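Visitor: Chain by chain, the residues run as shown.
2 protein chains.
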Amino acid sequence: MKEFELINRYFKGRGITRRDVNLGIGDDCALVTVPQNCQLAVTTDTLVSGVHFFDDISPRALGHRALAVNLSDLAAMGAEPTWVSVGLTLPNISQQWIEEFTEGMHEIAEYFNVQIIGGDTTQGPLTITICAKGTVPEGKALRRGGAKVGDWVFVTGTLGDAGLAIESRKQGLTIEPEHLKYINNRFDYPTPRVAAGQVLRGLASSAIDVSDGLLADLEHILDMSQVSASINIENIPTSDAMRSSLSFEEQLPYILSYGDDYELLFTVSDDNKSMLDLKLRQYGVEASCIGQIKSGEGQIELLHHGEKFNFEQQGFEHFAKEQV
Amino acid sequence: MKEFELINRYFKGRGITRRDVNLGIGDDCALVTVPQNCQLAVTTDTLVSGVHFFDDISPRALGHRALAVNLSDLAAMGAEPTWVSVGLTLPNISQQWIEEFTEGMHEIAEYFNVQIIGGDTTQGPLTITICAKGTVPEGKALRRGGAKVGDWVFVTGTLGDAGLAIESRKQGLTIEPEHLKYINNRFDYPTPRVAAGQVLRGLASSAIDVSDGLLADLEHILDMSQVSASINIENIPTSDAMRSSLSFEEQLPYILSYGDDYELLFTVSDDNKSMLDLKLRQYGVEASCIGQIKSGEGQIELLHHGEKFNFEQQGFEHFAKEQV
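Sequences listed follow chains P and R, in order. Note that the UniProt record's numbering has the first sequence beginning at 1, numbered continuously upward. Note that the UniProt record's numbering has the second sequence beginning at 1, numbered continuously upward.
Since the hints were made in silico from the structure, they are not lab data. Here the structure is a predicted model, which is why all the values come from computation and not from measurement. Be a bit skeptical, because a hint or two may be false.
Listed next, with one range per pair, are the computed distances between beta-carbon atoms [claimed, not checked]:
id : chain 1 : residue 1 : chain 2 : residue 2 : range
1  : P       : Ser58     : R       : Lys2      : 45 to 51 Å
2  : R       : Glu110    : P       : Pro35     : 28 to 34 Å
3  : P       : Ala195    : R       : Arg9      : 34 to 40 Å
4  : R       : Arg9      : P       : Trp97     : 48 to 54 Å
5  : R       : Pro35     : P       : Tyr189    : 35 to 41 Å
6  : P       : Arg14     : R       : Lys294    : 32 to 38 Å
From the derived model, a few chain P residues whose C-beta atoms are all more than 12 Å from chain R [claimed, not checked]:
id : residue
7  : Phe4
8  : Gly50
9  : Ala75
10 : Val84
11 : Thr89
12 : Gln123
13 : Glu178
14 : Pro237
15 : Arg243
16 : Gln251
17 : Ser269
18 : Met275
19 : Cys289
20 : Gln292
21 : His305
22 : Lys308
Quick reminder that beta carbons are idealized off the backbone N, C-alpha and C, glycines included.
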């Protein structure tokens, strides 16, 4: 299939049409209008076969996932996702595969009212690079660098499910079918916390999405904010699937170090905490208080029912094992 | 080297800093401000090793090229390039390679006053996907679909040099050293016609950049504009290197079908032609009139000194040889 045919069949005229898209797929560039008094938020994430997903991932899940991880970054800024560009490198072309892949991508795009405004389709090893754009009212974006001593540390949803899905495939862990289905779904079809991010505007002092693991991502907040934190590990939210499958001790690597859950980790001042609780309930956003910001320079103290707890951190670093 | 180290060393704090970038590399998203009364132009291009460039390409040339092909799309819209996001997938990490690659990228970014605002660095087969953003005054963007019967067809610079560089490497053509140096430079360090694109705003009726070959790219204009064209092949501009190396007949595949020159192909009404000539001279933009738009549905008539001329077209199609 020729590149133009592929784009025409699977992208052009598919999905939603936003009023702020002045020119979509089919010219040298797309043209869009950013609302007045809004900033443009831009993020890029690449998924590479064998690095970020299993070769046997369903194409529909991959299409969903590739977009979801980008929308998650927009969510972490409190931005409203609007437009995405899709760089798609494919090793060989099965119509069935592309149909399912683009279906997965269009589904999540439609759900979040995002329009695919362009991209590039090339031949080569399976790689997907998406550049997602969103808008956020001027000065209202959530950054990593605003956490203050005394702020409370929160996380949405539950942690560790995606990691458990990965390891259950690698190690063949014994997990009940209903739980296995749940965690596989959490890994294959991650939900970017877009509504949560927008609720947090003007309330959270800092935010990040948990893509590299709780401790690794918390470190980013601490580094940028020049503070430390203590985390009460018994308060880290876990799913039924997690609690039914592993002992508390066994859960720790998953909830502390595994990424790919795409929950939001954020901090909120004591003054804003009750307003936040109210807003979260109002919008149906689940979030748990898991610790507090302390003075210091990037240290994380883990507590278990008030007692110090030792844990060796290992975040997900693409180049960690490489020699320079 | 860890991903964060790589980004910190080669991207963060390197290159220019634009005042309209509110938040650059280092958070979940970048934040930028689009000027009032401007539209945002967005384009994405992917370069894959073995498909879009030779494996032995100098990393500096590759860094330049990856950005240049994107800026060329912005140029073809008459947009001012502003910000880019870089998705970089690397098979293995030599500091020397990354240093030279990013140097090539920063050089052209600085030349065009473009800021690298983010990206993603992953491990895998060498692939570069850049999403380039630019701004264009509302309603002033150059599109492919505006060519009218009677408009004149122009192209900037010279055509075929990049194609000649490719074939000289593949076939070992005999080309004089100075000419070889010139055409290799044209392929390795293409110049996006950014100033030309901005000069054309309000004057050209349509525009596109020549990335797939003159005939293939002209076809895009004709299809979108629902017109035909006649091209006087003796008027297609060629370089000294081209004319010294090949006979006129030999030149034809290069100037008609080879892409990668990244010149601008555009149309202008008879009414605007003298103003265009004036402006082009004023800004030092070289452009040649090569034909005229005719009524019809996408046909290209080639003329050689007024006589009909037959030529079999072959554009550069990434998936052309693939079975569906």
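Visitor: Decide, hint by hint, whether the structure agrees.
Guide: Here is how each hint holds up against the structure:
One distance hint, 45 to 51 Å for the beta-carbon pair Ser58 of chain P and Lys2 of chain R, is violated here, with the actual separation near 31 Å. For Glu110 of chain R and Pro35 of chain P, the hinted distance range of 28 to 34 Å is satisfied, since their beta carbons lie about 31 Å from each other. For Ala195 of chain P paired with Arg9 of chain R, a C-beta distance near 37 Å keeps the hint of 34 to 40 Å intact. Look at Arg9 of chain R against Trp97 of chain P: about 38 Å separates their beta carbons, and that is not inside 48 to 54 Å.
Our hint of 35 to 41 Å for Pro35 of chain R and Tyr189 of chain P holds, since their Cβ atoms are close to 38 Å apart. Taking the beta carbon of each, Arg14 of chain P and Lys294 of chain R are about 34 Å apart, inside 32 to 38 Å as hinted. For Phe4 of chain P, the condition that its CB be more than 12 Å from all CB atoms of chain R is violated, with the nearest at approximately 8 Å. Listed as a non-interface residue, Gly50 of chain P fails to keep its Cβ farther than 12 Å from every Cβ of chain R; the least gap is roughly 7 Å.
With a cut of 12 Å on Cβ distances, Ala75 of chain P falls inside the contact zone with chain R, its closest approach being about 8 Å. The claim that Val84 of chain P is not at the interface with chain R is violated, since a C-beta of that chain comes within 12 Å of its own (minimum 9 Å). Some Cβ of chain R comes within 12 Å of the Cβ of Thr89 of chain P; the nearest lies about 6 Å off, and the non-interface call is violated. Non-interface status of Gln123 of chain P relative to chain R is broken: a Cβ of that chain comes within 12 Å, the nearest being about 5 Å off.
Non-interface status of Glu178 of chain P relative to chain R is upheld: no Cβ of that chain comes within 12 Å, the nearest being about 33 Å off. Non-interface call for Pro237 of chain P relative to chain R: holds, since the shortest CB-CB distance, roughly 21 Å, exceeds 12 Å. The claim that Arg243 of chain P lies off the interface holds: its Cβ sits roughly 29 Å from the closest Cβ of chain R, which is beyond the 12 Å cut-off. Separation of Gln251 of chain P from chain R is adequate, the least Cβ-Cβ distance of about 26 Å exceeding the 12 Å criterion.
A cut-off of 12 Å between C-beta atoms confirms that Ser269 of chain P is not in contact with chain R; the least separation is 20 Å. Non-interface status of Met275 of chain P relative to chain R is upheld: no Cβ of that chain comes within 12 Å, the nearest being about 23 Å off. Non-interface status of Cys289 of chain P relative to chain R is upheld: no Cβ of that chain comes within 12 Å, the nearest being about 21 Å off. At the 12 Å boundary, the C-beta of Gln292 of chain P stays outside the reach of chain R, the nearest C-beta of that chain being 22 Å off.
With a closest Cβ-Cβ approach of about 32 Å to chain R, His305 of chain P is found to remain outside the 12 Å limit, as its non-interface label requires. For Lys308 of chain P, the requirement that its beta carbon stay farther than 12 Å from each beta carbon of chain R is met, with the minimum near 27 Å.
Hint compliance for this structure: hints 1, 4, 7, 8, 9, 10, 11 and 12 are broken, all remaining hints hold.
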